[in-house]
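First to last, the sequence lines map onto chains A, B, C and D.
Per our numbering: the first sequence = residues 390 to 609.
Per our numbering: the second sequence = residues 390 to 609.
Per our numbering: the third sequence = residues 60 to 292.
Per our numbering: the fourth sequence = residues 60 to 292.
Bear in mind the hints are in silico, worked out from the structure with no lab data behind them.
Do not rely on the hints blindly, as some may be mistaken.
Said to hold, decoys possible - Below are the BS3-like pairs computed for lysine-lysine, each with C-alpha atoms no more than 25 angstroms apart in a straight line:
#, chain 1, residue 1, chain 2, residue 2
1, B, Lys513, D, Lys193
2, D, Lys261, C, Lys282
3, A, Lys513, C, Lys220
4, B, Lys513, D, Lys261
5, D, Lys261, B, Lys510
None of the values given here were measured: they were computed from a predicted structure.
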Amino acid sequence: MALTREQMAMRVARELEDGFYVNLGIGIPTLVANYIPDGIDVMLQSENGLLGMGRFPTEEELDPDMINAGKQTVTARPGAAIFSSAESFAMIRGGHVDLTVLGAFEVDQNGNIASWMVPGKLIKGMGGAMDLVAGAENIICIMTHASKHGESKLLERCNLPLTGAGCINRVLTDLAYLEIKDGAFHLKERAPGVSVEEIKTLTAGKLVVPDQVPEMTFEA
Amino acid sequence: MALTREQMAMRVARELEDGFYVNLGIGIPTLVANYIPDGIDVMLQSENGLLGMGRFPTEEELDPDMINAGKQTVTARPGAAIFSSAESFAMIRGGHVDLTVLGAFEVDQNGNIASWMVPGKLIKGMGGAMDLVAGAENIICIMTHASKHGESKLLERCNLPLTGAGCINRVLTDLAYLEIKDGAFHLKERAPGVSVEEIKTLTAGKLVVPDQVPEMTFEA
Amino acid sequence: MAGFDKRVTSYEEAMEGIDSGMTVIAGGFGLCGIPENLIAEIKRRGVKDLTVYSNNCGVDGFGLGLLLEDKQISRFYASYVGENALFERQMLDEEIEVILTPQGTLAEKMRAGGAGIPAFYTATGYGTPIGEGKEVREFNGRHYILEESVVGDFAIVKGWKADRYGNVVYRDTAQNFNPMAATAGRITVVEVEEIVEPGELKPDQIHTPGIYVDRLIQGTFEKRIEKRTVHQG
Amino acid sequence: MAGFDKRVTSYEEAMEGIDSGMTVIAGGFGLCGIPENLIAEIKRRGVKDLTVYSNNCGVDGFGLGLLLEDKQISRFYASYVGENALFERQMLDEEIEVILTPQGTLAEKMRAGGAGIPAFYTATGYGTPIGEGKEVREFNGRHYILEESVVGDFAIVKGWKADRYGNVVYRDTAQNFNPMAATAGRITVVEVEEIVEPGELKPDQIHTPGIYVDRLIQGTFEKRIEKRTVHQG
């Protein structure tokens, strides 16, 4: 069974460490905040200028001056800091964020990522993604393993315009958790009930498969 | 009669305009603040991070956290702003300061200035002076016209290591007020009782003398 | 002593001198912290062929999106244009030239422009279409591209409080691009919710020192919320 | 959940890991806003051959001047060295290499280092000895030189108040180089006069967000005045 969006978020949340400053991209990455493991504390950075993003506001707390990078209304947790976009990207570009989690259209075996543009079809812009992937040492991509038509998104080489070159080191898809190194995807874990064969079939890039590929487990 | 330090400050103060943001260097330039003409208001910028420098503090107001770029204790006027050194030099380098007044060892007919180093003798450093002369459109140098030994400091070409190249447009010495343009010093005014001949003798650089050179006047 | 009193009495006066063909740098992120009334005044004046630098182009019918209606913008530097159907159509019809710019690079271009730094190197965009045609240089074994800074004819800024000297503070995430925009205008116009007496803002807590501000006006703001999201449960 | 508690309990712990040959970036301007006790701890440890970036080198017997006594500094980037006889002697005797750096360039080198910008162009120093050997480039008809940024092994910073997450505010002109230094250390150590509860500092009024800070300690300070100047009359 392919992972649900929630399970994908849960799995990535296990990569969080106590004391991590984390930037979560729009979409599934945002859900990661709901599954932060007990006993660890992470501080969420929102690139519009907020470090220490809290939960969504109640009706009474709603404030047009308090939004996140996805333009949603948010709150700040006690001990948050709020600053300018230049300061926010100084943090990001300067490598001060510990972990970045973001979505992608394609990732390839050399750690390239394409996430911002489908020529002739979709031009929304890169927002902060290019700065995030250039600045972070530690990036996890969350994405579906293949398109609805069964075309792999884990490629030998990205087809779409890149967001960043050689910057991605981990990918979580709905089928597998993989590391990227030495020009290949290294299969680390598979989704419950998903076979190694299925993952092989849907991975167009070079895939290194160890003898044992543990299945992910999720509490009910 | 050569101008006194106070008269030099008074003369330069006449160049101030209402609404000017002004950076005054250490030494005689600092005295300019004492002669701001009635009816005009200037805001003093101190490059350690203070815009709106006020008078020196009383004994009761003394505060080690409130100093100017000369390391003197100061106060802030109402409506002052205090900021980091990076912000301070963003202002300066970005050309936001309207007028800079600073001292110099030598100035030449091409607007070069030397003010920070006498090789083998004096190495105090340039502090903020190099940024100030590079950032300002409007700079007045205050200096003595010649050394104690009668050697001109207004030269064809500076001998000492430069602080900035082609950046000075006005000079007030103890003998004269001059503008620098088109590769020459243009004599604009002379100190009371100082002859054009005397100024000519003590100016090593190219000097342009108009038919009329008004004498400066100072109220008693 | 009117020298440092930056207040103007009308939005007309606030935007006096803006003309077709000029470059405008605008603060704001989405609809948060945008100079609503200064934008409206630009629309009223009907100036055309503007080059605009701003993170987004508002939404249809609000924010900078208003300037699309009469095709006042011919060139736009932004990081994200996903919330605006009219913008997308004008872009695809090539009525507007869009130079997509990474968000951090856009912020730094403004900051550098105001700070007298004509260009800087960044790793952002290296190896992507954004880096094409730009100088690449290696520092400490990593590749960076050269990005040039920007100075606008006008900068339009939304603050929270200011004193008449033009010292400004921003509120919460309505700060965003505003402080950098404020430094990067040949003429910087700031509109705020409240003008306070000099001395009321703590000197070491001012976000934008008055030296950057040319004109100041107090306005009223709609402050529309783009994605109202509330806590479940 | 100790993850974001940056507090350490001793100055020894605060400077743990500093070693001979390292690069240290220090906040402060003259004797104003200097990390007095962190400097004292570096002296106590006796580490040598340090490269230090700071605007000044304190005075004889106080501030960074203390590190001269046992010749702990071998290379110093500063804009001004005029207040320190020992420093001048060591410089003339070539016991210490001094790289005089314009004040704004020094501040920007730290800021850029912390912000992931490896180099930037500035007009400051063009045509002077500071520009010698550096790349010159023309932008819009003006000449600029290329300056590289700096990241230190340690940054030592003096703040006023901080919460345990490392969010710092500075007081008045004791701010100076401290916020930039704070961004530019691989390990950034901040000493403050008071540690307050998280939430006590207004989020949009924090000068140094905690993400830059690795260690935090509350200390007591002499705060010596370098040039006591009082109002006459």
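Checked hints:
Restraint check for Lys513 of chain B and Lys193 of chain D: the C-alpha separation of about 22 angstroms stays at or below 25 angstroms, so the hint holds. Note on Lys261 of chain D and Lys282 of chain C: the hinted pairing holds, with a Cα-Cα distance of about 22 angstroms set against a maximum of 25 angstroms. Between Lys513 of chain A and Lys220 of chain C the CA atoms are separated by roughly 33 angstroms; this puts the pair beyond 25 angstroms, and the hint is violated. A distance of roughly 40 angstroms separates the Cα atoms of Lys513 of chain B and Lys261 of chain D; the hinted pair therefore is violated under the 25 angstroms criterion.
For the suggested pair Lys261 of chain D and Lys510 of chain B, the alpha carbons sit about 50 angstroms apart, so the restraint of at most 25 angstroms is broken.
Checked against the numbered hints above, the structure violates hints 3, 4, 5; every other hint is satisfied.
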